[in-house]
Amino acid sequence: MIPKDFIILIPLLPLLGFLINGSITYEQLRGRVCANKSMVSFVACLMPFLSFALGLWVLLTLALHPEIKSISTPHLLDWMILDHFHLTFGLEIDHLSSVMTLVVTGVGFLIHLYSVGYMHDDPHYSKYMSYLNLFLFFMLVLVVADSLVLLFVGWEGVGLCSYLLIGFWFTDKEKAKAGKKAFIVNRIGDFGFMIGIFLIVAAFAAAVPPDTGTEIARDFLSFSYLKTHAGVLTPIITAVTLCLFFGATGKSAQIPLYVWLPDAMAGPTPVSALIHAATMVTAGIYMVARLHFLFVMAPFTMHVVATVGLVTALLAAIIGLTQYDIKKVLAYSTVSQLGYMFLGLGVGAFSGAIFHVMTHAFFKACLFLGAGSVIHALHHEQDIRFMGGLVKKMPITAVTFLVCTLAIAGIPPLAGFFSKDEILFMTYANEHTRHYFWVGLFTAGVTAFYMMRLFVYAFTGKTRYEHPEKIHESPWTMTLPLIILAGLATVAGFLGMPGHSIIGGWLSHLGQITPHHIEGSALQEFHLMGISVGWAGFCALAAFFLYKRNLNFTEGLKRTFKTLYSFIYNKYKVDEIYDFLFVQPIKGFSQVFLNRFFDQKIVDGLMVNGLALSSRFLGRCLSLIQTGLAVHYLLFLLIGLCLVIWFIVNG
Amino acid sequence: MTEDIINFIPQMISFFSNILNVLIFFPLLGVLIIAFVPREKTQVLKALALIFFLLEAFFSLHIYFHFTNTGVIDQFMINLPWIGAWNIHYLLGIDGVSMLLVILTAFTMPLALIGTWNSVGQGIKFYLISLLFLETGMVGVFCALDLFLFYVFWEVMLIPMYFLIGIWGGENRVYASLKFFIYTMAGSVLMLVALLYLYFKAGRTFNLLELYNYRLTSMAQLWVFGALAFAFAIKVPLFPFHTWLPDAHVQAPTAGSVILAGVLLKMGTYGFFRFAIPLFPDATLYLQPYLIGIALIGIVYGALVAMVQPDMKKLIAYSSVSHMGVVMLGLFSLNQTAMTGGLYQMLNHAVSTGALFLLVGMLYDRTHTRMISDYSGLARLMPVYTVFFMIITLSSIGVPLTNGFVGEFLTLLGTFQANRAAAIIGATGVILGAVYMLWLVERVFFGEPKHTHGLGADLNLREVLVMSVMVFFVFWMGIYPKPLLNKLERATETVLLKLEDEREMALLTEQSSVTGQSGTHWSDLRPLVLSLCKMP
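Chains X and H, in that order, are what the protein sequence lines are.
Take 9 as the starting number for the first sequence in our numbering and just add one per residue.
Take 67 as the starting number for the second sequence in our numbering and just add one per residue.
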């Protein structure tokens with residue numbers, strides 16, 4: 009049994025790491041001390057490791073004591089306490105958050121370790137490490153929060169860290185811009201999230217009469233309150249869930265807000281692995297799973313979630329076919345895989361979606377770190393057209409990369425196969441979304457194709473890098489995480505064996521919209537599995553042989569469908585469309601109309617200074633009368649006197 | 067004669083046994099002492115002024131720790147006859163809102179002085195005297211419960227501010243200070259007319275607590291509310307009375323900008339909360355939608371215009387328009403949560419915008435330019451400065467765990483319960499805030515480092531100290547706002563109960579008029595106001 013107060017330490021330890029390394033960084037900035045790199049590394053890696061150990065302890069406690077549903081420390085600190093609304097800080101770890109905690113701290117620890125090698129020569133090493141720790145703090149707050157608002161705290165906090173880390177090399181203006189874009193696009197999503205929160209609070213506040221005593225618990229946004237009073241939300245549940253889902257599309261890079269994620273690859277590669285692949289971007293999926301009891305009440309929203317997920321998965325995968333930047337390919341693949349997860353959520357396969365979050369964290373983190381290893385060895389070359397032949401130079405990276413490529417492609421018995429198949433099967437089993445299955449299946453093939461293309465381009469054939477003699481395998485701090493992650497990507501799938509899925513049982517409290525024809529399902533699942541394995545295998549093999557024979561075999565196609573190709577290559581011009589529709593008009597309107605014309609000319613010019621000028625003009629006119637000649641004054645006096653007399657006479 | 071002198075001392079002692087009197091007149095003692103120091107001894111002058119400001123801040127803590135949170139204005143009351151013939155009293159007293167604003171004032175002053183220690187060279191003596199005078203005026207405004215006394219303090223405060231901008235301001239200071247002065251004066255005059263009208267109508271009293279129980283007819287309420295609202299709207303400033311603010315902020319010396327943003331703007335919203343809303347409930351209820359509309363325009367308009375400013379101070383000035391719009395939105399939602407949030411946002415704005423002005427001032431001291439385009443990659447050149455600027459930026463855009471989030475969240479949350487559309491439009495300010503602030507950060511701090519002329523060392527210990535205090539407030543108010551919220555909410559509740567009574571009364575009169583009895587009630591005003599709106 010873990011003492012329940014210990015769970016506070018899970019998020020606080022990384023915060024401590026941030027504070028220690030942050031202070032070191034600060035002192036360094038002031039020029040007082042020179043940071044001791046090994047100490048910084050030690051602190052930065054120790055904290056996530058300890059959190060991981062505690063997370064494991066929690067998991068074991070929950071596993072060994074089935075009667076304990078969750079471990080919680082409510083009311084750690086009062087936050088906003090008003091008469092009609094209470095907010096407290098409190099933590100709660102249940103089965104769902106324990107899985108997420110382990111994924112976040114486990115993968116997080118490995119990536120910290122990897123960063124020790126990858127970022128070692130960066131002059132701002134301690135700053136980088138402290139940011140990573142801060143990120144883990146916020147991510148863990150997000151995961152173990154016991155209320156929607158505390159989740160939102162983590163939600164915005166990870167966004168902040170993402171902003172800081174994308175723009176880590178900010179002297180490059182493009183990178184700084186990418187960070188800003190990520191933050192602002194996320195803010196647009198958060199706008200929806202906030203409106204969702206407001207809707208919930210408004211509904212609850214209306215349900216509890218305001219004049220009932222203040223002693224009634226009014227922490228409307230704690231998950232326990234939400235769960236027990238979900239019925240109150242029935243009339244507005246579709247609006248609430250759609251708003252929250254809009255928030256999720258921001259954080260988890262789904263249509264229409266996915267545009268920030270490809271640009272986010274400007275950050276250091278371990279950051280891409282940790283934040284923009286394994287953990288932060290899955291926050292939206294986690295949030296929907298956490299609030300599954302609300303989402304299942306809104307069938308329409310579920311349908312929207314599934315549709316958005318499916319369309320995103322397909323469109324992003326198609327872009328992935330055309331990219332040449334190794335990180336961009338992986339970025340689009342992340343968007344696509346996140347789409348799968350949302351598809352899973354939308355069809356009610358909550359545990360399947362979380363399972364995919366987990367396996368994806370392993371293989372995608374490994375892929376990114378592999379890419380990082382390559383980029384590191386090639387001195388920041390990211391274009392796959394200038395790679396090639398790395399399998400001999402960097403065998404560990406190559407093998408782990410291949411394992412994970414096969415995992416994401418859905419080749420058994422690797423992890424991606426089980427989790428993706430569970431989602432696809434649940435899609436098929438749900439009568440409303442059966443036709444989605446075929447699109448999902450097609451996308452799985454596309455995924456296998458572009459991933460294999462990436463592998464062939466980067467690792468096989470002749471070395472196209474200009475200094476092949478300089479290429480070396482990375483140090484052990486970088487390869488060890490690769491090996492561990494590849495290992496996990498190999499075995500983690502068995503946690504979700506169809507039929508007796510451990511993870512499914514563990515997350516059974518999320519409920520599952522059970523397929524109607526449960527009897528035939530095992531056999532049916534087997535058939536579908538066969539189809540998808542065959543299709544994915546075919547696509548992977550096709551890509552392997554086609555590209556192996558001739559890397560440029562698509563040149564002809566590109567020329568034939570030139571417009572279509574450039575349309576896809578430029579990610580459907582969505583950035584340009586948003587820029588044209590929103591960014592430029594708002595900027596122009598503010599600049600030209602509001603600022604230069606309305607504010608300066610109308611409000612300030614015409615109204616304010618106009619009034620001043622006109623009163624000055626009036627004063628000038630009147631001052632003409634003040635001639636200073638006594639005769640004139642006498643004349644006015646006389647006129648006045650006449651007028652007075654005239655008034656008296658005629659009055 | 068001798069008897070007078072003998073009586074004088076115990077009288078003084080009893081007068082200054084009231085902490086509010088101490089807080090109001092202590093800075094004047096400072097003025098008196100500084101007046102005898104030769105003007106060349108600048109360090110002595112500054113040190114003396116600083117001691118007075120620090121002591122004042124220390125004294126102000128007394129009202130926090132000896133405060134009983136009753137929710138009504140009954141703390142540290144003092145009532146002395148002043149101008150007997152006119153029934154004018156020296157009447158002071160505070161509630162939770164004014165207490166926090168007094169403390170805010172008392173803490174802003176020393177921070178503003180330390181933060182701009184070397185910024186002012188010429189005429190430092192008169193500068194410090196102006197600051198001390200200003201403090202007296204500001205504390206007085208927040209404590210006065212006699213409307214005439216309030217008016218006196220209101221005007222007292224105007225003059226030193228006029229000097230601050232006009233003498234120690236930037237290149238276009240005369241224009242800015244005159245604009246500030248005339249604009250505020252125009253408001254004040256209308257306010258005086260309104261106060262006098264109220265005075266005669268209510269039977270010759272300026273006592274706010276008595277006036278709370280007096281009701282003007284609905285029609286008269288509209289006019290008087292309008293006149294007061296005009297004065298306060300200029301101070302807030304509400305759209306479209308905001309154009310003095312960018313000029314004043316840009317031209318004012320840094321300390322002036324900090325005080326302007328930190329305290330002076332709050333007087334507008336404080337005026338609405340303390341006078342306009344509770345004194346004229348009918349008018350408040352009637353004009354609520356229009357005021358919410360203006361507040362929303364302010365939020366969006368301020369943010370959009372802030373976005374395209376080339377001058378940092380101007381950008382922050384327009385962001386003030388946006389933030390103060392949030393405060394107004396909260397106040398006029400007339401919802402307890404929103405109002406509390408709005409009042410809290412007043413304090414937040416003082417911290418974050420005050421700190422931003424200090425930071426820009428620190429930069430200006432070095433380079434003498436505020437133009438965004440003159441900077442690039444500052445994060446490499448002044449990393450410590452950047453750390454502070456980032457933290458304050460986060461507070462300004464309301465990232466959770468900073469103070470800004472608490473205020474914005476509660477305001478919008480409460481507003482949503484009262485008026486959904488208003489809350490949704492107001493929430494776009496959250497997005498736009500991120501846009502203009504992060505764009506500013508991107509242009510100034512990121513990119514290739516550019517050595518702007520004069521850019522020397524990073525922040526020194528003095529500057530770090532000031533900013534550390536600010537950062538402390540940012541997080542304290544963001545993580546543990548409970549004690550402050552509690553005091554604001556009790557005061558809010560009192561005002562809202564008053565409005566609730568009024569609403570019920572209005573309903574009663576409406577019912578009685580249905581049954582044939584005569585009587586004016588507020589719904590009669592609708593056609594009139596509509597016709598007023600249509601007038602060219």
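Rather than coming from a laboratory, the hints here were simulated on the basis of the structure.
Please note that a few of the clues may not be correct.
[To be verified] Pairwise CB distance ranges, derived in the manner of DEER restraints: (1) His434(H) <-> Arg40(X): 57 to 67 Å; (2) Pro131(X) <-> Ile363(H): 43 to 53 Å; (3) Asn44(X) <-> Phe91(H): 53 to 63 Å; (4) Tyr241(H) <-> Glu35(X): 39 to 49 Å; (5) Asn552(H) <-> Asp129(X): 50 to 60 Å; (6) His434(H) <-> Leu630(X): 41 to 51 Å; (7) Thr236(X) <-> Asn552(H): 19 to 29 Å; (8) Glu237(H) <-> Gln608(X): 38 to 48 Å; (9) Glu566(H) <-> Ser232(X): 49 to 59 Å; (10) Arg40(X) <-> Asn552(H): 40 to 50 Å; (11) Arg40(X) <-> Tyr546(H): 24 to 34 Å; (12) Gln608(X) <-> His434(H): 48 to 58 Å.
Keep in mind that this is a model prediction, so the values were computed, not measured.
Ideal Cβ positions, reconstructed from N, Cα and C, are used throughout, including at glycine.
These are the hints, each one checked on the structure:
no., hint, verdict
1, His434(H) <-> Arg40(X): 57 to 67 Å, "violated, 29 Å"
2, Pro131(X) <-> Ile363(H): 43 to 53 Å, "holds, 47 Å"
3, Asn44(X) <-> Phe91(H): 53 to 63 Å, "holds, 55 Å"
4, Tyr241(H) <-> Glu35(X): 39 to 49 Å, "holds, 46 Å"
5, Asn552(H) <-> Asp129(X): 50 to 60 Å, "holds, 52 Å"
6, His434(H) <-> Leu630(X): 41 to 51 Å, "holds, 43 Å"
7, Thr236(X) <-> Asn552(H): 19 to 29 Å, "holds, 27 Å"
8, Glu237(H) <-> Gln608(X): 38 to 48 Å, "violated, 18 Å"
9, Glu566(H) <-> Ser232(X): 49 to 59 Å, "violated, 33 Å"
10, Arg40(X) <-> Asn552(H): 40 to 50 Å, "holds, 41 Å"
11, Arg40(X) <-> Tyr546(H): 24 to 34 Å, "holds, 31 Å"
12, Gln608(X) <-> His434(H): 48 to 58 Å, "violated, 24 Å"
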